[in-house]
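Visitor: Taken in order, these protein sequences are the chains called Z and C.
Basically the working numbering = 1-based index in the first sequence + 1.
Basically the working numbering = 1-based index in the second sequence + 16.
The set of hints was computed from the structure by calculation and includes no laboratory data.
Hints may contain errors.
As the list claims (entries may be wrong) - Computed list of lysine to aspartate or glutamate pairs in EDC-like fashion (alpha-carbon distance at most 20 Å, straight line):
hint: 1; chain 1: Z; residue 1: Lys139; chain 2: Z; residue 2: Asp206
hint: 2; chain 1: Z; residue 1: Lys65; chain 2: C; residue 2: Glu60
hint: 3; chain 1: Z; residue 1: Lys306; chain 2: C; residue 2: Asp87
hint: 4; chain 1: C; residue 1: Lys94; chain 2: Z; residue 2: Asp86
hint: 5; chain 1: C; residue 1: Lys248; chain 2: Z; residue 2: Asp95
hint: 6; chain 1: Z; residue 1: Lys121; chain 2: C; residue 2: Glu176
hint: 7; chain 1: C; residue 1: Lys27; chain 2: C; residue 2: Glu176
hint: 8; chain 1: C; residue 1: Lys280; chain 2: Z; residue 2: Glu47
hint: 9; chain 1: Z; residue 1: Lys462; chain 2: C; residue 2: Asp161
hint: 10; chain 1: C; residue 1: Lys68; chain 2: Z; residue 2: Asp52
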Amino acid sequence: MNKITRRSFLQTGASAATATLVAPVLVGRGWYAFAQAEAAGYFEREFGITDALCRKVLAEALAKGGDFADLFFEHTISNNLGLEDGKVNRAACDVALGVGIRTVKGDQVGYGFTQELTEKAMLAAAATAATIADAAAKKPAGAFVPLKTKNFYPMKTLFSSVPLDTKLPLVQSVNDKCFALSSLVAKVNVVFHDQQKRILVVSSDGVKAEDLQPRSYLGATVVAEKNGRRERAGWNFGGRRDFSYFMPSLVDKLTKTAVDRTVLLFDAIQPPAGEMPVVLGPGLTGVLLHEAIGHGMEADFNRKKISTYCTMLGKKVAEPFVTIIDDGTIPNLTGSINFDDEGTPGQRTVLVDKGILTGYLHDKISAKFYGVPPTGNGRRQSYQNYVIPRMRNTYMTAGPAAPEDVIKAAGKGIYVEDVANGQVKIGEGDFAFYVSQGRLIENGKLGAPIKDVNIMGNGPKMLANITMVASDFTLYEGGAGACGKGGQSAPCSFGQPSCLVKSLTVGGIKG
Amino acid sequence: MKQELYDQAEKAIKMAKAAGADASRALIGSQRFVQIGYRDRKPENITEAGTKGLRVEIFVNKRYSSQSTSDLRPASLKTFIENAVASTRLLAEDPFRTLPDPKYYQGRSTADLKIYDPDYPKVTPEARHRFVKDIEESCLAKGGDKVISISAMGYDNHSESALLASNGFDGYQENSAFYGVAQITAKDAGDRRPAEYFAAITTSRQALPKPDVIGVEAARRVLSLLGAKKIKTETLPIIIENRVVSDFGDGLMQAMFGRAIQQKQSFLADKKGQKIGNAALTLIDDPFLPGGLGSGAFDNEGLAAKKRVMIEAGLLKEFFVDWYYSRKLNWEPTTASPFNVVVPPGKRSVAEIMKDLGRGIFITGFIGGNSNSTTGDTSIGIVGQLFEKGQIVHPVSEMNIADNHLKIWHRLAEAANDPDPYSQNRVPSLVFTEVVVSGA
């Protein structure tokens, strides 16, 4: 609670494997095992949630007026399998079931939720939500029209239909391959996470949308020892994927990445402190866009005039070769959504078009304020939270330069490969990132590996200072990344090509 | 509610046994909360709800799993636990997984820890709204024409939990919490819109500061940040303010857990009995602070709580070792996680200390950053005030400190006299010398 104002990106990729959780519960004969992979009709079938019942609850939520009300039903089953000291010896399962009921009047929100999907409990929660308004009762729409969208993450097989003894060898193989790759490896932790989130959104304006959102990842954390020193690193792969994604070839890629990254740290140094050119490598460094730029473009911060970008709409904020997108429609990526948690279809939203700031990320409340259609960014952690504008997959598109020319142009500076723990101050635009892996750049060439430094900067300044963008656009394929805002976590991803930032502050150790 | 929670936890343990578990532990928690936010002198959001959740840990055939659910319908729960036991059998054997030896349940304190405010049920909706409105009004008044946006929020909850283990542990705890916060964004030069907040959380309503204290302090803090700039990289003394010092101390603490040590992820693994800081560094875990946010008579495994001096005058004396890792390490268990972290206060105020330090940085906020529990390396962004001879010169931003936890605590010069009363950590502002502060 005391960190309520912090908006931090929790890059849990490596550390996920260190969580205390673990393993799955629902073997093939589990009670959801025979549930269909299709989303439609699940809540009516399993819990008796009919249109008539929804209309009754929505009417209660609008009993004192308000612009609209909505219901968000959720049934999520999450499983973790964990390996420590060579054995898959822990499992954890979590089931979340409930409904959140929201009444909206202008920019004011009344919210109640319940874990009991009974008419009595839902009406009580709706009555709580209704207290935000104080006018004459309104009626919800006479009929709900099921929303039809593309499916960006179809599941061939539900996780609950994958027997546990199929998952166990996968997790074990990560451990065994890590140890086989280097004699320096001392400890390996592995986690396999799978989640099936079923949601149903029913809104008083007549929208009804039902979805099945998978999320999964396989992560390894490696500790290596050399000459009395220890280093630790990790990696994960995942997304909105079903079990078929986790093939032996992926395990090879995961283990090689995790072990190489750990062993490399024995040669890493901390660079000198100060201002210098910084090259952001392709892929994962897109976290920087997410923090330094993306959060400032969430419309709630702009509507309240607390974002540094609130006066920049329509203005030039970057060079013409910079285009930045937030996109919910990339197949199987962690931040993709068929529709958001208000029932608005997932879409591709341009934030910066060839250097010009063109739009913000909206939920229904901010879209109404700005007089634009919602962009499908209304998201929430669970039925216990109300919607706020959130990013999905945020990335910069490819530019014209060759990657090696970008490094050459930097001359003397640092090359960033992996960042974590980013945080931004929305109002000033100031941000800080922890660089867990990178390289020195000396005489326009990559030099010694670096580690454990921070880079600091200012979002708008950094955007204006991107002087080269390369052609090597890469999306980050990790599944463990989650963004924190207002105490709510939301899965998302990002990407970018190599780019050169003219100057950022690097927080090294030497004066 | 107490008996109802016990009954449900007991039912879960019986279900686990019927499904074939050798042993089990059940935690059931129930809470009700109200949250009210104000902005532009009207409610921005009102949320009120109750939650109940069950966690069951299953031990079967030397195998272990942990299950949690909010779906407490009897039929669902029975199937859930049966499936859990069946799948746990398929995991690898782990001989270290057992319930704790019941001798560690013994000697539990019966002191009244004052963690539940008996007046909680008397809090009215009107009082809640008045409290939040007054936070906003006082913040607006103090912020004056610099205010861009203020969000005020009040939150309170009443929670109860019962923990039962099949080898003879049962415990119940009832808590209340009251929380008030003001967040304010102010106009600065150009497009800069610095934001600050002040928050307080307590277990009794009486202990919570008056709303105008919260609002005025948030505004004072943001006004002090106007005109922030970075200075050149320099080696300076720093004072880390009580409110944020725990964020920095976490980097030291995370290396003090049994798991980190056994998994070779702790830079303190071989340092027990050694000096890891200078004489100013003493760290106590005190479960019995009256009204403490982390106070309790037992930990989440049922081990009886004890007050422990973890670090004494720089000497590392204890680690946080839960039952499982105590068996893996072949050590005595202490506790799975700290209750209330206490660093004894010093004698002087921050203002007095500043006068003697010459030029330095008073750090009032952190941004981003990391601390590596394996190596102790840390690097973190800072916000604060540059001072010289006791006088504030100007606020600083876009700056960073980088150091190593095995080194920096030897440069801890002094603890101030101001432990933060509105946090689980009763830690005062701390003063370090010779820290590289990176900027331009």
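Visitor: Each hint needs a verdict: does it hold in this structure or not?
Guide: Okay, the hints, checked on the actual structure:
For the given pair, lysine 139/Z sits about 11 Å from aspartate 206/Z by alpha-carbon distance, which is consistent with the 20 Å threshold. Taking the CA atoms of lysine 65/Z and glutamate 60/C, the gap is about 16 Å. The hint holds against a cut of 20 Å. Pair hint lysine 306/Z plus aspartate 87/C does not hold up; C-alpha atoms about 41 Å apart against a cutoff of 20 Å. A hinted pair counts as satisfied when its Cα atoms are at most 20 Å apart, and lysine 94/C with aspartate 86/Z does not qualify at roughly 32 Å.
A threshold of 20 Å between alpha carbons decides the hint, and for lysine 248/C with aspartate 95/Z the separation of about 50 Å lies outside it, so the pair is violated. At roughly 23 Å between alpha-carbon atoms, lysine 121/Z and glutamate 176/C are farther apart than 20 Å, so this suggested pair is violated. At most 20 Å may separate the alpha-carbon atoms for a hinted pair to count; lysine 27/C and glutamate 176/C meet this at roughly 17 Å. For the proposed pair lysine 280/C and glutamate 47/Z, the alpha carbon gap of about 46 Å is over 20 Å, so the pair is violated.
In summary, the hint linking lysine 462/Z to aspartate 161/C is not supported, as the alpha carbons are separated by about 27 Å, beyond the 20 Å threshold. With a C-alpha separation of about 27 Å, the suggested pairing of lysine 68/C with aspartate 52/Z is violated against the 20 Å cut-off.
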